[in-house]
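Enquirer: Sequence:
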Amino acid sequence: MFDVQTVFGLKGQRALVTGAAGGIGQAIAVALAAAGADVAITWNREPADETLSRIAAAGARGHAVQCDLATLDAAGANMFVETLAADFGPIDILVNNAGIIRRANALEHEEADWRAVMSTNLDAVWFLSQAAARPMVARGHGRIVTVASLLSYQGGIRVPGYTASKHAVAGLVKAMANELAAKGVSVNGIAPGYISTNNTKALREDPDRSRQILERIPAGRWGQPDDIAAAAVFLASKAAEYVHGHIMVVDGGWMGR
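If you count by my numbering, then the sequence shown holds residues 1 to 257, one letter each, in order.
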């Protein structure tokens with residue numbers, strides 16, 4: 001018999017969600033907690049008190065670590081994972097959610113913005129995934145879920161750094177999945193569509209651009225963080241045991257238009 005609680009539940013699992021002070025990261029952290037996982041989160045500029053309260057309200061154990069992912073290197077990622085394992089427990093599920101965006105025309109996109117985006121959106125994802133995957137492989141079990149983007153497939157407008165980073169993330173998901181699938185570790189991604197978060201605030205406040213976006217979305221609305229959280233729970237669960245190297249698009253139908 002198909003047991004929903006066993007297949008989709010995460011009881012006894014420990015998760016790490018980066019950039020979970022608000023938005024999509026917060027929604028994912030709370031959803032994982034509701035599914036039974038204990039959840040550690042990273043935060044940097046925004047305090048994480050609300051997320052921790054919501055994790056506790058879901059009946060799970062929470063743990064917050066302040067971390068500037070833009071400065072993370074390989075040694076720092078290894079130390080982070082080792083310290084977290086000592087303080088919180090070994091991580092079964094890693095969700096690479098943290099990301100930033102810088103908007104500028106391609107010819108005016110400054111080097112500092114390019115490097116900041118790449119450091120956070122790509123380098124930190126790689127270093128943390130590599131560091132977390134080592135003990136997962138040793139235990140023969142683990143889940144790595146990375147938040148990609150529709151701009152993993154499209155070019156976008158005025159976001160060359162962000163687009164480049166998200167194309168790279170999609171490739172990284174597939175490359176890691178090819179090596180780790182047979183070792184009991186699944187590596188997948190989620191490509192959110194246009195979600196109502198701080199990253200899309202400028203678009204939603206531009207009447208013309210918002211109208212253009214909504215006209216293309218078959219669902220007729222901006223997505224909500226919980227739409228992405230549901231996909232993350234699925235990819236973290238036993239239900240996705242045979243899903244490897246996949247980028248799950250959650251976009252209200254945008255890519256099918």
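These are calculated hints, taken from the structure and not from any lab test. Every residue, glycine too, gets a C-beta built ideally from N, C-alpha and C. There could be a bad hint or two in this list.
[Stated by the list, open to error] Computed spacing ranges between beta-carbons, pair by pair:
1. 56 to 156: 17 to 27 Å
2. 174 to 219: 41 to 51 Å
3. 216 to 135: 34 to 44 Å
4. 79 to 206: 40 to 50 Å
5. 111 to 44: 15 to 25 Å
6. 135 to 73: 36 to 46 Å
7. 216 to 85: 38 to 48 Å
Enquirer: Range hint 15 to 25 Å: satisfied by the CB atoms of residue 111 and residue 44?
Expert: holds, 22 Å
Enquirer: With 34 to 44 Å as the target window, see if residue 216 and residue 135 comply at their CB atoms.
Expert: holds, 43 Å
Enquirer: Within 40 to 50 Å: is that where the Cβ-Cβ distance between residue 79 and residue 206 falls?
Expert: At roughly 42 Å between Cβ atoms, residue 206 and residue 79 fall inside 40 to 50 Å, so the hint holds.
Enquirer: Could you tell me whether the CB distance from residue 174 to residue 219 stays inside 41 to 51 Å?
Expert: The hint (41 to 51 Å, Cβ to Cβ) is violated, given that residue 174 and residue 219 are roughly 27 Å apart.
Enquirer: Measuring from beta carbon to beta carbon, are residue 56 and residue 156 in 17 to 27 Å?
Expert: For residue 156 against residue 56, whose Cβ atoms are near 38 Å apart, the range 17 to 27 Å is violated.
Enquirer: Could you check the hint for me, namely that residue 216 and residue 85 are 38 to 48 Å apart, CB to CB?
Expert: Cβ of residue 216 to Cβ of residue 85: about 44 Å, so the range 38 to 48 Å holds.
Enquirer: Confirm or reject the claim that residue 135 and residue 73 have a C-beta distance inside 36 to 46 Å.
Expert: With a Cβ separation near 19 Å, residue 135 and residue 73 fall outside 36 to 46 Å, so the hint is violated.
Violated hints, listed in ascending order, are 1, 2, 6; each of the other numbered hints is respected by the structure.
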